[in-house]
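**Student:** Throw the hints in and build the complete structure from the sequences for me.
Top to bottom, those sequences are chains A and B.
Numbered per the numbering used here, the first sequence finishes at 173, counting up by one with no gaps.
Numbered per the numbering used here, the second sequence finishes at 1463, counting up by one with no gaps.
Hints are not guaranteed to be accurate.
Just some of the chain B residues that point at chain A, by a computed CB distance under 8 Å [claimed, not checked]:
(1) ARG1040
(2) VAL1212
(3) LYS1362
Keeping only pairs whose Cα atoms sit at most 25 Å apart, straight-line, the calculated SDA-like set for lysine to any residue is [claimed, not checked]:
(4) LYS1113/B - ARG10/A
(5) LYS61/A - THR1110/B
(6) LYS1373/B - ASP70/A
In case anyone wonders, no lab produced these hints; they're calculated from the structure.
All C-beta atoms in this analysis are idealised placements derived from N, C-alpha and C, irrespective of residue type, glycine included.
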Amino acid sequence: MPDIRIEEVRNIIRDAGGRVVGRTRLQKIAYLLSATGLDDSFRFAYKHYGPFSEELASSAKFGALFGNLDERQDQTAWGGTYSIYTVTDMEGVNQGTPRSNLATLAATADSIELELAATAVFLAHDGYDDPWDETAQRKPEKATAVRLANAKTLLTNLSQVNVPNPIPPVLLA
Amino acid sequence: MAIQRVRDPVHNLIEFDTHDELERVVWKLLQSRPFQRLRRVKQLGFSELVYPGATHTRFAHSIGVFHTARELMEIVRKKTDDQGSREKIALAAAMVHDVGHGPFSHAFETVGKRLGLKLADHEVMSDELIRNGEIAEILNTDIMAGFASNVANMIKKEGKITLHNSVVSSQFDADRLDYMQRDRLMTGSEHAAIDLTWLLANLDIGEVTTGVDDTAVGSVPTFVIGPKAIQAAESYVLGLFQLYPTIYFHKTTRGAEKLFAEILVQLVKLVGDAAEEKTGLPSKHPLIKFAKEPESLDTALALDDTVVWGALQLLCEADDPILSQFSARLLNRKLFKCYDIRAEITHRFDPHNSMDLQNIEKIEKCCASVVVKLQEWQKNQGGVVPRIITDEAERKPYKAGGGSNGHTEQINVRTDGGELIDIRQRSEIVKSLSIYRLTRAYYDDSDADALQVIKNIVEGEIA
Chain A
1 MPDIRIEEVR NIIRDAGGRV VGRTRLQKIA YLLSATGLDD SFRFAYKHYG
51 PFSEELASSA KFGALFGNLD ERQDQTAWGG TYSIYTVTDM EGVNQGTPRS
101 NLATLAATAD SIELELAATA VFLAHDGYDD PWDETAQRKP EKATAVRLAN
151 AKTLLTNLSQ VNVPNPIPPV LLA
Chain B
1001 MAIQRVRDPV HNLIEFDTHD ELERVVWKLL QSRPFQRLRR VKQLGFSELV
1051 YPGATHTRFA HSIGVFHTAR ELMEIVRKKT DDQGSREKIA LAAAMVHDVG
1101 HGPFSHAFET VGKRLGLKLA DHEVMSDELI RNGEIAEILN TDIMAGFASN
1151 VANMIKKEGK ITLHNSVVSS QFDADRLDYM QRDRLMTGSE HAAIDLTWLL
1201 ANLDIGEVTT GVDDTAVGSV PTFVIGPKAI QAAESYVLGL FQLYPTIYFH
1251 KTTRGAEKLF AEILVQLVKL VGDAAEEKTG LPSKHPLIKF AKEPESLDTA
1301 LALDDTVVWG ALQLLCEADD PILSQFSARL LNRKLFKCYD IRAEITHRFD
1351 PHNSMDLQNI EKIEKCCASV VVKLQEWQKN QGGVVPRIIT DEAERKPYKA
1401 GGGSNGHTEQ INVRTDGGEL IDIRQRSEIV KSLSIYRLTR AYYDDSDADA
1451 LQVIKNIVEG EIA
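**Tutor:** So, in structure tokens, the structure goes:
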């Protein structure tokens, strides 16, 4: 069993406003918190759907099993399924902290654009000179001009949050 | 050179026509160091401890995958006009997809995850080997500049998705079609048969939608099956599912993997702590070199099953008790005993296997709690050698609705009316399959206290 950190998953969801729609969103929010130095609970590796943490996936699964967080699965209009994570106990959440500002902003973003943004951040940290170009090459179906522009704007907005490890300037609009 | 021939236990005669550019290159790849290493990496790792015939290698599997990919490509050719360079990329990708597997593949990956060793992940290692070194040189020189990257990208599912990607990764990809037949044959298992000829004869092409979470992205082409192959597809789903409890998740195989993982983790830690002399291995041993330089491709390439089996004899003499005790166990097949936690809990909560939802939830919670408690107990033990090792895994026979990946993860059937539907809508058998899960604890059979601890914790959680 990988390291299970249910409370850490709960904290991420709480900081994101108590509700996160989609496993991809949860992963990418957690990754952005990690990449900016606001969370160090989970290790991320690159997969074809962008940065991914197996420990986070397992922790969320066990959290739902033990009843520490609520996971509801729904059918999407496009044919797949998606999860909605909620944490009702919001006591102790400090609104306005860098963590909650960043997580909340990321949670409201379009999930495809959030995936593109998180991927670009990962690739920037991995040493790519032009992470956006690399992102577009890796994900041509997702990386339309409009989505890439929105993903850049998203990172620019996220960069307004005061964090220990700022988002690399090369990624900002 | 003209036609190069290989006799294969699954496909019989496999030919490489060296007048053909791609086949000549593939034959050349087979002679390269990364591929020759695969002769020394068994496809099923420790499964031969249970199935003595299962000594087939990743080398043989890779050739089989290439052969199967060629057959699938015939279907692609018949069904589409797109016969450009993507075809060559897909065939090369099928050939090299497994080149990064380490010794005892999946157990080695577990070690990598525990210690954060990137090259222990076969996907990372394969990617590195394809993009750099001998394989990249052959692909880029003999075919065209940038070809190696194209191959690596297709394996990683990056870049434009065309039907050719389905040959490399899909519900009917060449990898799965080969290993299902090969693993069945070489283990001697008589179940899990698939009707490959009929499946291939009924493969068709369809467009399926993709998405991220609740948002649609677009559509991609993939293999679908015609209505006459529903029974063959049922057998295929069922066959794949049966391989897990009987072969891949066999308790003895997993028990050996657990000991191997403990040995390797301890060895890397000792080397990291400058206590190399406690390992019993010489400083130039490939395992010591890997522990010192886990990021080095050349060092990782020196690892294979024979290196590990050879090291065990020396590790038996190690000063470190984990290395000496577990190596002797592995070498002589004196493995830890398996306690089936899930079987006990299932029997207690649901003795008549009603599969009632409430019971299932109770069982899942109880199994998870037991594992957490056993791991806590083990952590609090003062001794160096683990006394209880837990194991968990699961395999979904078929994802309802394709799961979060949607239609690309499901078997799509083209109806007589031309619509694409999930096979679950046509097959009560597939629809009724449930997830196979295992929850086990391994212990030294001479350690009666450890067994009692397992029993007590299981009883405590059931109560």
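**Student:** Hint by hint, say whether it matches the structure.
**Tutor:** Tested hints:
Taking 8 Å as the C-beta contact cut-off toward chain A, the hint placing ARG1040/B at the interface is violated, the least distance being around 27 Å. The criterion of a C-beta within 8 Å of any C-beta in chain A is met by VAL1212/B, whose closest approach is roughly 5 Å, and the hint holds. Taking 8 Å as the C-beta cut-off, the interface hint given for LYS1362/B is violated, the closest approach to chain A being about 11 Å. With a C-alpha separation of about 23 Å, the suggested pairing of LYS1113/B with ARG10/A holds against the 25 Å cut-off.
A threshold of 25 Å between alpha carbons decides the hint, and for LYS61/A with THR1110/B the separation of about 19 Å falls inside it, so the pair holds. As the CA atoms of LYS1373/B and ASP70/A are separated by approximately 23 Å, the hinted pair is consistent with the 25 Å bound.
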